[in-house]
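Undergrad: Listed here are the chains, written in short residue letters.
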Amino acid sequence: MGTAQAYGRAPCQVSLPDGDPSNASRDPSIVPSVPVRVTLDGMTLLHPELDERTSVDADARPDVPWVTVVWDDPVNLMSYVTFVFQQHFGFSRDKAERLMHQVDREGRAIVATGPREAMEAHVQAMHGYGLQSTVDRAPTP
Amino acid sequence: MIPFVRRGDGVHLGLSAGERGLLTSLTEQLQQVLGGELERDPVAARMFPDAYPDDLEASAEFRRWTQSDLLAQKTANADVVHAWLTGAREGALGPEDEQAWLRCLTDLRLTIADRLGIVDAATDERSTAGDAGVGLRDVYDWLGYVQEHLVTTLTA
Chain A
1 MGTAQAYGRA PCQVSLPDGD PSNASRDPSI VPSVPVRVTL DGMTLLHPEL DERTSVDADA
61 RPDVPWVTVV WDDPVNLMSY VTFVFQQHFG FSRDKAERLM HQVDREGRAI VATGPREAME
121 AHVQAMHGYG LQSTVDRAPT P
Chain B
1 MIPFVRRGDG VHLGLSAGER GLLTSLTEQL QQVLGGELER DPVAARMFPD AYPDDLEASA
61 EFRRWTQSDL LAQKTANADV VHAWLTGARE GALGPEDEQA WLRCLTDLRL TIADRLGIVD
121 AATDERSTAG DAGVGLRDVY DWLGYVQEHL VTTLTA
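Line order of the protein sequences matches chains A and B. Sequence positions in the first sequence follow the working numbering and run 1 to 141. Sequence positions in the second sequence follow the working numbering and run 1 to 156.
Note that these hints are calculated values from the structure, not bench results. No residue lacks a Cβ here, since even glycine has one placed at the ideal position from N, Cα and C. One or more of the hints may lead you astray.
Unchecked claim - If you want the ones that stay clear, here's a sample from chain A, every Cβ over 10 angstroms from chain B, calculated:
{"hint": "1", "residue": "Tyr-80"}
{"hint": "2", "residue": "Glu-106"}
{"hint": "3", "residue": "Thr-134"}
{"hint": "4", "residue": "Pro-139"}
{"hint": "5", "residue": "Thr-140"}
Unchecked claim - Which residues of chain B face chain A? A partial, calculated answer using Cβ under 8 angstroms:
{"hint": "6", "residue": "Leu-26"}
{"hint": "7", "residue": "Gln-29"}
{"hint": "8", "residue": "Asp-50"}
{"hint": "9", "residue": "Ala-51"}
{"hint": "10", "residue": "Tyr-52"}
{"hint": "11", "residue": "Pro-53"}
{"hint": "12", "residue": "Thr-75"}
{"hint": "13", "residue": "Asp-79"}
{"hint": "14", "residue": "His-82"}
{"hint": "15", "residue": "Asp-107"}
{"hint": "16", "residue": "Thr-111"}
{"hint": "17", "residue": "Arg-126"}
{"hint": "18", "residue": "Glu-148"}
{"hint": "19", "residue": "Val-151"}
{"hint": "20", "residue": "Thr-153"}
{"hint": "21", "residue": "Thr-155"}
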């Protein structure tokens with residue numbers, strides 16, 4: 001998880017080395033200048049007749065709950081992850097921080113348990129916040 | 001400058017003109033990324049991660065159902081932030097503006113992290129080394145500071 005190290009040294013403000021980011025010595029371009037070749041599977045929908053939620057659940061036992069997992073990533077800040085957990089799940093600050101530290105320390109944490117559709121909605125929300133999150137079957141006891 | 005300032009009526013922008021200019025440029029580039037060939041851009045894997053890491057088919061299905069909504073949200077967030085940066089919006093941020101700012105700053109950092117090759121702690125560390133002058137890594141850190149400051153200001 002991204003920590004506040006780079007901007008946490010000063011108590012309230014950190015500037016770029018030359019004091020003003022607009023003086024960046026080279027154009028901070030983030031638009032890809034060359035075509036990139038990574039392709040994601042299944043990004044295009046070519047068969048509208050398949051655009052129905054079917055069959056995926058065929059082998060799922062309805063009595064087995066699912067979980068929402070949030071994974072550690074090097075980008076998102078600890079404070080932001082805590083904030084997201086509080087805001088989306090309504091967790092107390094303590095609980096949100098505990099889960100955030102679990103993500104940071106163990107690489108992942110289960111943040112919700114329940115029916116698959118509800119977990120998918122949580123994962124979609126986490127993706128909306130920019131967090132790395134997945135759906136999984138609940139661990140068997 | 002302090003990026004955000006809380007006043008009686010809510011949180012206001014406190015960015016300097018130079019900082020606004022840089023962020024405006026970055027936001028416009030993000031708009032290009034979001035409106036471009038995203039399926040060919042590796043940052044898509046960070047913006048729309050596999051929901052089922054061990055099941056490509058289920059992940060593809062999930063993407064079919066969620067990606068266009070997520071993309072529309074990200075685009076709207078960038079548009080909102082751009083409006084604040086260019087002065088089309090001013091005054092106190094409303095709750096939706098706060099969300100747009102938090103998420104847009106995240107999308108900017110996800111995109112820059114991809115360009116810098118930051119995938120874990122080691123590559124994160126490596127990207128801080130060796131680059132003389134102010135580069136993308138400094139911008140990335142500065143965006144982290146801006147976001148951290150916004151979270152702190154909102155939760156204070």
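Undergrad: Holds or violated: is there a CB of chain A closer than 8 angstroms to the CB of Ala-51/B?
TA: holds, 5 angstroms
Undergrad: Report holds or violated for the interface hint on Thr-111/B, using the least CB-CB distance to chain A and a cut-off of 8 angstroms.
TA: holds, 5 angstroms
Undergrad: Taking the least C-beta to C-beta distance, is Gln-29/B closer than 8 angstroms to chain A?
TA: holds, 5 angstroms
Undergrad: Is the nearest Cβ of chain B still more than 10 angstroms from the Cβ of Glu-106/A?
TA: holds, 14 angstroms
Undergrad: Under 8 angstroms, Cβ to Cβ, is where Asp-50/B needs to be relative to chain A, so tell me if that hint holds or is violated.
TA: holds, 7 angstroms
Undergrad: Can Leu-26/B be said to touch chain A, with a Cβ gap under 8 angstroms?
TA: At about 7 angstroms, which falls below the 8 angstroms cut-off, the nearest Cβ of chain A leaves the hint on Leu-26/B intact, so it holds.
Undergrad: At a threshold of 8 angstroms, is the proposed contact between Arg-126/B and chain A supported by beta-carbon distances?
TA: For Arg-126/B, the interface hint is violated, since the closest Cβ of chain A sits about 11 angstroms away, which is over 8 angstroms.
Undergrad: Quick one, is the Thr-153/B hint okay against chain A at 8 angstroms, beta carbons?
TA: Violated, about 11 angstroms.
Undergrad: Does His-82/B hold up as a contact with chain A if the rule is Cβ-Cβ below 8 angstroms?
TA: For His-82/B, the interface hint is violated, since the closest Cβ of chain A sits about 15 angstroms away, which is over 8 angstroms.
Undergrad: Mind checking the CB of Val-151/B against every CB in chain A and telling me if the closest is under 8 angstroms?
TA: holds, 5 angstroms
Undergrad: Under the criterion of a CB-CB separation shorter than 8 angstroms, is Tyr-52/B in contact with chain A as hinted?
TA: holds, 6 angstroms
Undergrad: At 10 angstroms, judged by beta carbons, does Thr-140/A keep clear of chain B as stated?
TA: Check passes; 16 angstroms lies beyond 10 angstroms.
The structure is inconsistent with the numbered hints 1, 3, 12, 13, 14, 17, 20, although it conforms to all the rest.
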